[in-house]
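Undergrad: Chains as they are written, first to last, in the numbering used here: chain A, 43 to 155; chain B, 400 to 511.
FYI, nobody ran anything at the bench for these hints, they're computed from the structure.
Take the hints with a grain of salt, since some may be wrong.
[To be verified] Using C-beta positions, here's what the derived DEER-type ranges look like:
#: 1; chain 1: B; residue 1: Asn423; chain 2: A; residue 2: Gly94; range: 19 to 27 Å
#: 2; chain 1: B; residue 1: Asp466; chain 2: A; residue 2: Glu96; range: 15 to 23 Å
#: 3; chain 1: B; residue 1: Ser425; chain 2: A; residue 2: Asp139; range: 24 to 32 Å
#: 4; chain 1: A; residue 1: Glu96; chain 2: B; residue 2: Thr508; range: 37 to 45 Å
#: 5; chain 1: B; residue 1: Thr461; chain 2: A; residue 2: Gly126; range: 37 to 45 Å
#: 6; chain 1: A; residue 1: Arg60; chain 2: B; residue 2: Gln413; range: 42 to 50 Å
#: 7; chain 1: A; residue 1: Thr153; chain 2: B; residue 2: Ser425; range: 17 to 25 Å
#: 8; chain 1: B; residue 1: His474; chain 2: A; residue 2: Pro50; range: 21 to 29 Å
#: 9; chain 1: A; residue 1: Gly70; chain 2: B; residue 2: Leu402; range: 45 to 53 Å
#: 10; chain 1: A; residue 1: Val155; chain 2: B; residue 2: Glu414; range: 34 to 42 Å
Glycine included, every Cβ here is placed at the ideal spot set by N, Cα and C.
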Amino acid sequence: DSGVTQTPKHLITATGQRVTLRCSPRSGDLSVYWYQQSLDQGLQFLIQYYNGEERAKGNILERFSAQQFPDLHSELNLSSLELGDSALYFCASSLYDRNTEAFFGQGTRLTVV
Amino acid sequence: TQLLEQSPQFLSIQEGENLTVYCNSSSVFSSLQWYRQEPGEGPVLLVTVVTGGEVKKLKRLTFQFGDARKDSSLHITAAQPGDTGLYLCAGADQTGANNLFFGTGTRLTVIP
């Protein structure tokens, strides 16, 4: 158990809908990272928050957004969903700003039908 | 986007055999990490290497960071079925960005 909690574990939704994925980092960790893992793209970095502020952006679509709340949990919002958004979405956390040792949650499997 | 190529992509071996997985890039990384991911789970960090030429051992696993910090290898001695999984290398960007660039992955199957 990495100490990172993601909910829900599975999510099935229709195209065009909006979903929110939630992540609670390990106790004491200030950084939260979101990754998307699909069969053809591998693990892709989406976005990082550190202590409530956006710190780095990767290949995140404009339809996607995220935030980190004062209690350090984070949410990833995916809107106008398309079939191609079906993937595993992972959250990772680390103590510091730099991603030197990240601990991953179990992921949310999103299926868009 | 930094690209990390892993080879081989798939590897199926008998229990007790040795194997090496390679992770190569044309980019320099400030550090490199190796993860193992099992089905339905998130990647689990195995090791972080920071210094060029660094070698770290974790029981039967030996990790090496290339001298130029562009490549790395993972060697497993006397593989066991419990070693089965997806092995991912990930490089930390040297430019100051905070994202990890993940490799393409090596799916290892150890047959009893």
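Undergrad: Would you mind marking each hint as holding or not holding in the structure?
TA: Cross-check of the supplied hints:
1. B/Asn423 <-> A/Gly94: 19 to 27 Å: violated, 37 Å
2. B/Asp466 <-> A/Glu96: 15 to 23 Å: violated, 35 Å
3. B/Ser425 <-> A/Asp139: 24 to 32 Å: holds, 26 Å
4. A/Glu96 <-> B/Thr508: 37 to 45 Å: holds, 40 Å
5. B/Thr461 <-> A/Gly126: 37 to 45 Å: holds, 39 Å
6. A/Arg60 <-> B/Gln413: 42 to 50 Å: holds, 49 Å
7. A/Thr153 <-> B/Ser425: 17 to 25 Å: violated, 36 Å
8. B/His474 <-> A/Pro50: 21 to 29 Å: With a Cβ separation near 39 Å, B/His474 and A/Pro50 fall outside 21 to 29 Å, so the hint is violated.
9. A/Gly70 <-> B/Leu402: 45 to 53 Å: Cβ of A/Gly70 to Cβ of B/Leu402: about 33 Å, so the range 45 to 53 Å is violated.
10. A/Val155 <-> B/Glu414: 34 to 42 Å: holds, 41 Å
In the structure shown, a violation is registered for the earlier hints numbered 1, 2, 7, 8, 9, in ascending order.
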